[in-house]
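Undergrad: Since each chain comes alone in its own frame, lean on the hints to assemble the complex.
Heads up: the protein sequence lines correspond to chains S and P, in order.
If you use the working numbering, the first sequence corresponds to residues 81 to 330, in order.
If you use the working numbering, the second sequence corresponds to residues 6 to 301, in order.
I should point out that these hints are in silico values taken from the structure, not numbers from a laboratory.
Misleading hints may appear alongside valid ones.
Said to hold, decoys possible - Subject to a maximum C-alpha distance of 16 Å in a straight line, what follows is the list of computed EDC-like cross-link-like pairs (lysine to aspartate or glutamate): (1) S:107 / P:299; (2) P:21 / S:189; (3) P:29 / S:95; (4) S:159 / P:299; (5) P:29 / S:189; (6) S:107 / P:179; (7) S:133 / S:248.
To be verified - Computed list of chain S residues with no C-beta within reach of chain P, every gap over 12 Å: (8) 93; (9) 97; (10) 119; (11) 133; (12) 169; (13) 213; (14) 261; (15) 266; (16) 270; (17) 318; (18) 323.
Claimed, not checked - If the Cβ cut is set under 7 Å, some of the chain S residues that face chain P in the computed set are: (19) 106; (20) 176; (21) 196; (22) 201.
Backbone N, C-alpha and C fix where the C-beta goes; we use that ideal spot for every residue, glycine too.
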Amino acid sequence: MTMETAIRLDKIVKDFEIVKGGPSSFKSTLLGFRHIRPETLRALDGISLEIGKGETVAVIGRNGSGKSTLLRIVGRVYKPTSGFVEVNGRMSTMLDLAAGFHPELTGRENIFFNGAIMGLSVSQMDRSLDRIIEFSELSEFIDAPIRTYSAGMLMRLGFAIAVETDPEILLIDEVLAVGDAEFQEKCYDRIGKFKSDGRTIVFVTHDMEAAKMVAGRTIWIDHGTVRADSNTESAVAEYMATVPKHELSP
Amino acid sequence: MGKELRELFIYKDLLKQLVVRDIKVRYRNSVLGFFWSLGNPLLQVATITVVVKYVLRLDIPNYSAYLLVAYLPWTYFQMALMDSAHVILLHRDLLRKVYFPRAVLPLSVVLSNLIHFALAMVVFFAYLLFYYFFLNGAPIMASALMLPVLVLMQTLLITGFAFFICTLNVFYEDTKYLLAVLLNVLFYLTPVMYPAELVYSRLPEAHRDLLYKLYMLLPMNTLVDAYRKTLLPPFDSATSSATTTGILHGGIRGIDVHSLPMDYGMLAVAAVVCGLVALAGYRYFIARSWIFAERA
Numbered sequence: 081m082t083m084e085t086a087i088r089l090d091k092i093v094k095d096f097e098i099v100k101g102g103p104s105s106f107k108s109t110l111l112g113f114r115h116i117r118p119e120t121l122r123a124l125d126g127i128s129l130e131i132g133k134g135e136t137v138a139v140i141g142r143n144g145s146g147k148s149t150l151l152r153i154v155g156r157v158y159k160p161t162s163g164f165v166e167v168n169g170r171m172s173t174m175l176d177l178a179a180g181f182h183p184e185l186t187g188r189e190n191i192f193f194n195g196a197i198m199g200l201s202v203s204q205m206d207r208s209l210d211r212i213i214e215f216s217e218l219s220e221f222i223d224a225p226i227r228t229y230s231a232g233m234l235m236r237l238g239f240a241i242a243v244e245t246d247p248e249i250l251l252i253d254e255v256l257a258v259g260d261a262e263f264q265e266k267c268y269d270r271i272g273k274f275k276s277d278g279r280t281i282v283f284v285t286h287d288m289e290a291a292k293m294v295a296g297r298t299i300w301i302d303h304g305t306v307r308a309d310s311n312t313e314s315a316v317a318e319y320m321a322t323v324p325k326h327e328l329s330p
Numbered sequence: 006m007g008k009e010l011r012e013l014f015i016y017k018d019l020l021k022q023l024v025v026r027d028i029k030v031r032y033r034n035s036v037l038g039f040f041w042s043l044g045n046p047l048l049q050v051a052t053i054t055v056v057v058k059y060v061l062r063l064d065i066p067n068y069s070a071y072l073l074v075a076y077l078p079w080t081y082f083q084m085a086l087m088d089s090a091h092v093i094l095l096h097r098d099l100l101r102k103v104y105f106p107r108a109v110l111p112l113s114v115v116l117s118n119l120i121h122f123a124l125a126m127v128v129f130f131a132y133l134l135f136y137y138f139f140l141n142g143a144p145i146m147a148s149a150l151m152l153p154v155l156v157l158m159q160t161l162l163i164t165g166f167a168f169f170i171c172t173l174n175v176f177y178e179d180t181k182y183l184l185a186v187l188l189n190v191l192f193y194l195t196p197v198m199y200p201a202e203l204v205y206s207r208l209p210e211a212h213r214d215l216l217y218k219l220y221m222l223l224p225m226n227t228l229v230d231a232y233r234k235t236l237l238p239p240f241d242s243a244t245s246s247a248t249t250t251g252i253l254h255g256g257i258r259g260i261d262v263h264s265l266p267m268d269y270g271m272l273a274v275a276a277v278v279c280g281l282v283a284l285a286g287y288r289y290f291i292a293r294s295w296i297f298a299e300r301a
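Same shape as in the complex, but just chain P (with noise of 0.2 Å):
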């Protein structure tokens, strides 16, 4: 395998020039473009917050910025996943003709997807500095410095299966529709929408705790609550403190949940359990690369 990364590293300028190609393609060389693709996640979360606030009458203050933090890993997560599903396919003509190292194409996609999730969380934060500054907010927070190792984290995790999606979609080729249905289905069983909190709340009693360390063993969990716990403060610190009645406090009213704090233990191991899916599937890929030429 150092074999396989050593000449990895050689052809860095091609990984390079896949995602200039790419992020160029999807921008259309204009910011207009940048707008429209984070168009879809906001116009999302606008339209969940709508029906959260104004169809089931839950009084969450602030709702949308717990909403928008949690979403814009998740969006992260599914685009390059999906993007990752046919990655090989489109490259079907290069890989017949050329050798060079397969991974480039799944690494490429990950790539420009993290290029457009950091500047989606560059205008998370102007959003939050806005609030700060004109709308009596929170300011952000010093554990917001632990963002870098949770992208590094999620990234990690999102090569890994990017490596097993992009090769099974070349032996089955529904993996891809598969894989929507899956991730429509995660979504909803990830503390996207909710905090992780209310999961917690209607656990068994009996088994709570240990229930609740399997819940997040599952990475994108930990992730998402980890994102929304260090860049923003706990829902419920209005509540706790009657001081601060910014526009980023607050807590569910109507719903007996109480924030938990961040679980840096489960972090750890979420991190291990990222590391290993990267690195399994680095090796499934390898092992079946070659035969891509063939069968794509």
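One chain only, chain S, in its complex shape (with noise of 0.2 Å):
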């Protein structure tokens, strides 16, 4: 394969430590309170991948699988405890639904806030304002204090930004979930039309026809670990085989 690595992860282990009884103080810790040995949590237990240039890679999982951290190691939000990271690429993430949004700005002034925290300058935002109010349909709204939007406005203001500021690499994290069926496959189209622009795309989601419908590669993450990285349909139908009956959705 030549392909050109977008993502290399090597033996990413992520331990968290167990805060009891919430944080410290310099009382308790003079008073000398404060000599339990915290616990530790692995959440992810030796990864390693390599996602090329150009993929789309659909991550599943139970709850508490480790997924998120995953995502949120690539995205440089979390630093692995050993273990080493690779991005190549400007990237774009899009780990919660109102991740960089302030409930008092308007609409316009939280694309702006949104691009500085990703690094863009406002000449920058400038050029793909029109393009995010246009995707996000809400050009309306666009200079109310987000306070006021709904769950799944908040949502399309949020891909929106994250697409339309023509990141290399993006990173959701099954945040679409909120989204009307319609917009849903607004998104799942911009993602296609993504893919075809040679971007790579990690995200991490619950539906299992939408990783199927635009994820080439999808890895399964059970308990810290790769359980499965293959294709999306044998990787979705080993995960299925684990998922009990009842818990399946209609």
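TA: Here you go:
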């Protein structure tokens, strides 16, 4: 394979310290209340994978399996306990519905604030502004404070900002689910176009149909390890075989 | 560290937007808002002046000018540090979901307080000019050109401390309370309400110069003293030259203290200290900032 690498993870381990009894204080430290060794929880246990430029990859798995942690490691929100991360290209992340939004600012102001958080200048955002507003279908509400927005509207704005700022790599954490079916379809269409432009997308989803629709490759994360990493059809089938029947949604 | 600084430069628009947002909230988009936030130091200065003049009965001409010139920089120091204590926790939602250089958060706090301080100093200069033109006060001295240097030094010092404080507050939630107590104590130890010369005169004679230098090694002591000496004439100039009796001239009658000349050597030492604090604070912050997303 001569494919260029967009994302490379090498033996990633991520431990979280479980801090019991809330945050600590100088007072309790001085009084010697904190000699209990904090417990650690291993969220990721030696994950190695490589994602090439132009790939669309779905990440599936049960709640608490480490999918979101994985995405946050790639998105530089968390630092791995050990292991090595390499990301080539400008990244745009959508790890949460209202990430980077300020409730009191208007939709338009938030577009610029979000751009600034991604390290983009005001003039760069000016160029994308019209496309963002158009894609989000929020032109009527764009000058209203976003505390008045519904979850679906936040998702539309967030997704529009994430895709219309021309990132080379896009990370999305199961936020598309809150949109209505019509807008979801529009998002997946956009992801398809993104793919044909040779860009890289990694998205976490619980929607197996969506994974089959857009992702050429699917990674199943289970207890912090890669359980399956193959074409979507077989990875989804393997995963579904382990999900108890009564949990399957109609 | 160079890599982090370069990245910080890419994110300068984020810093700018955070500062603008902070200023907007503080002034609520109104001129009145600015005077509200200036009201607190002015009221403090008025109160202390009344206590000194009428309760303690110390006859110090233009005490309020000598107090204000030190109190405004002190307010900048105090407010910026108090604001920096909670800045990481305030943005915890953002930290957990997006990557950006974390240093923009404490920097935005320092910068918005700097802007506020600059506006307060504009008001202070207007006050000096008013006295000069209408009430026969002293002219603004050439040494006032030192002001940008002093402000830069103080900003470096505050930035360094802000990096330490905002980091500590993530790991120890009582940092802000401890800080409030410390600042209260420090206010009385710093020559804000009294001239540094008073401290000098009270030190044991045998080691007076050495001890005074040690006292001035605390950068805020040197800075507050330097603001006073470069912006206002010596407080005992009225007794030394009987010809000028302007409103901004005078000495401390009843207390046998004479003003000392500005010590530029100590100011240079303080500049080095300020730079070192900034550097140390930044390194401390950078080494720990990755963990904020998990702990904040």
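Undergrad: None of the hints should be skipped; say for each whether it holds.
TA: Tested hints:
no.	hint	in the structure
1	S:107 / P:299	22 Å, violated
2	P:21 / S:189	13 Å, holds
3	P:29 / S:95	40 Å, violated
4	S:159 / P:299	10 Å, holds
5	P:29 / S:189	13 Å, holds
6	S:107 / P:179	8 Å, holds
7	S:133 / S:248	9 Å, holds
8	93	14 Å, holds
9	97	8 Å, violated
10	119	14 Å, holds
11	133	20 Å, holds
12	169	14 Å, holds
13	213	19 Å, holds
14	261	26 Å, holds
15	266	23 Å, holds
16	270	21 Å, holds
17	318	30 Å, holds
18	323	28 Å, holds
19	106	5 Å, holds
20	176	4 Å, holds
21	196	4 Å, holds
22	201	5 Å, holds
In summary, the structure is inconsistent with hints 1, 3 and 9 from the numbered list given earlier, while agreeing with the others.
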